[in-house]
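**Student:** Just so you know, the protein sequences line up as chains A and B, in that order. Each residue of the first sequence is one higher than the last, beginning at 1 in the numbering used here. Each residue of the second sequence is one higher than the last, beginning at 1 in the numbering used here.
It should be emphasised that the hints constitute simulated quantities derived from the structure, not laboratory data. Some hints could be false.
Claimed, not checked - Chain B is faced by these chain A residues, among others (derived, beta-carbon under 8 angstroms): (1) Val77; (2) Tyr79; (3) Arg86; (4) Ser123; (5) Thr126; (6) Lys131; (7) Ala201; (8) Arg218; (9) Tyr222.
Note that the structure is predicted; figures quoted are calculated from it, not measured. Ideal placement from N, C-alpha and C gives every residue a C-beta, glycine not left out.
One letter stands for each residue in the lines below.
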Amino acid sequence: MVVAKLAETQVAIHAVRDPADVDAVVSDSRATISAMEKLDAGLAIDADSRQWVEQLRTKHPKHDRAVARLHEMLLRVAYHELSRRRGQLQSVSGPEFDDLAHQAADDALVNVLARLDEFRGLSRFTTWAYKFAMFEVSSKVGRHAWRRQPPGAAELSWDRLPDSMAPRPGDRLEQRERLAALSGAIGELTERQREVFVAIALNDVSIDVLAIQLGSNRNAIYKNLFDARRNLRVKMAAAGHPVLDMDAA
Amino acid sequence: MTDHVHLDELLRAKNEDAGCNAGEDILDAYVELELAGEDPARVYPGTAIHLQSCPGCRADHDGLLEAARRFGDVLPE
């Protein structure tokens, strides 16, 4: 198990493009491996979680009942999460809303059962299972929102800073110059970085909706956004307007 | 949106950011630490940073935290 994680980490390290990113991958993987070692040493899964895993095994006499119970819980989670994200679903209600919840719960159940052997007890079983429901809801809400209202050209193309950020008459000269530098720096990004930054950071387009629009995935779009933000910081600094790291302040 | 704080948020890009995939693997463990009153950033610092910057993963995290809190203590029978 630990060896597999090490191999996975190696792949992740090769996938990153910046040496600094390696530290982050290694750090979080190290934490996961440390937890796995504890599990391998026998400090493993809590009793409730073990009961779930055992009864969900195909040959267990209570298998069918356990699967039905898990599906019932995944459905409750899906309904709850869809309600929480109702803002992205606009006027969806009734049978269409029910259908989304059932699809998310059904797909999450398939995933959980297929990956049962991967449950390592780093959390309660229910938290681990609900994670798959969450990912299914995310994906389905994104696709639904994109079908209903795909981002328009105005949300993706760069013209100028949105009105909410544009310099106002009362702004100090320093602020006006800083925003002018930001505006210029955005214009110098690569096309993809600019498109992603403008859509997500300036126009609040959902990252999952944008991923569908651009035929990509959340991770790749996030990488574009990260690179755009980092380049903007470098360009702002070069123009004499460094962006302060407020966390470090 | 014209002061340093907002600009720092708008351009947040920390090298320690673990990215979306790393967070997906351990999101359940991360949430469980929070529910236990521990600081998940001590165990998963890269994911803690990522969740500040990625709206998609943050939404998944917030949803999972709430679901685990509300529906976590159930048994198969």
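**Student:** So, for every hint listed, does it hold in this structure?
**Tutor:** Status of the hints after comparison with the structure:
Annotation: interface hint on valine 77/A holds; nearest CB of chain B at approximately 5 angstroms, less than 8 angstroms. Among the interface hints, the one on tyrosine 79/A is violated; its C-beta lies about 11 angstroms from the nearest C-beta in chain B, farther than the 8 angstroms criterion. Nearest Cβ of chain B to the Cβ of arginine 86/A: about 12 angstroms, over the 8 angstroms cut. The hint is violated. Among the interface hints, the one on serine 123/A holds; its C-beta lies about 4 angstroms from the nearest C-beta in chain B, closer than the 8 angstroms criterion.
With 8 angstroms as the threshold, the beta carbon of threonine 126/A comes within range of chain B, its nearest partner Cβ sitting at about 5 angstroms, so the hint holds. The interface hint given for lysine 131/A holds, since its Cβ lies 5 angstroms from the closest Cβ of chain B, which is under the 8 angstroms cut-off. For alanine 201/A, the suggested interface contact is upheld, since its CB lies about 6 angstroms from the closest CB of chain B, less than 8 angstroms. A distance limit of 8 angstroms between C-beta atoms decides the matter here; for arginine 218/A the minimum to chain B is near 5 angstroms, and the interface restraint holds.
The beta carbon of tyrosine 222/A is positioned within 8 angstroms of a beta carbon in chain B (closest approach about 5 angstroms), and the interface hint is therefore held.
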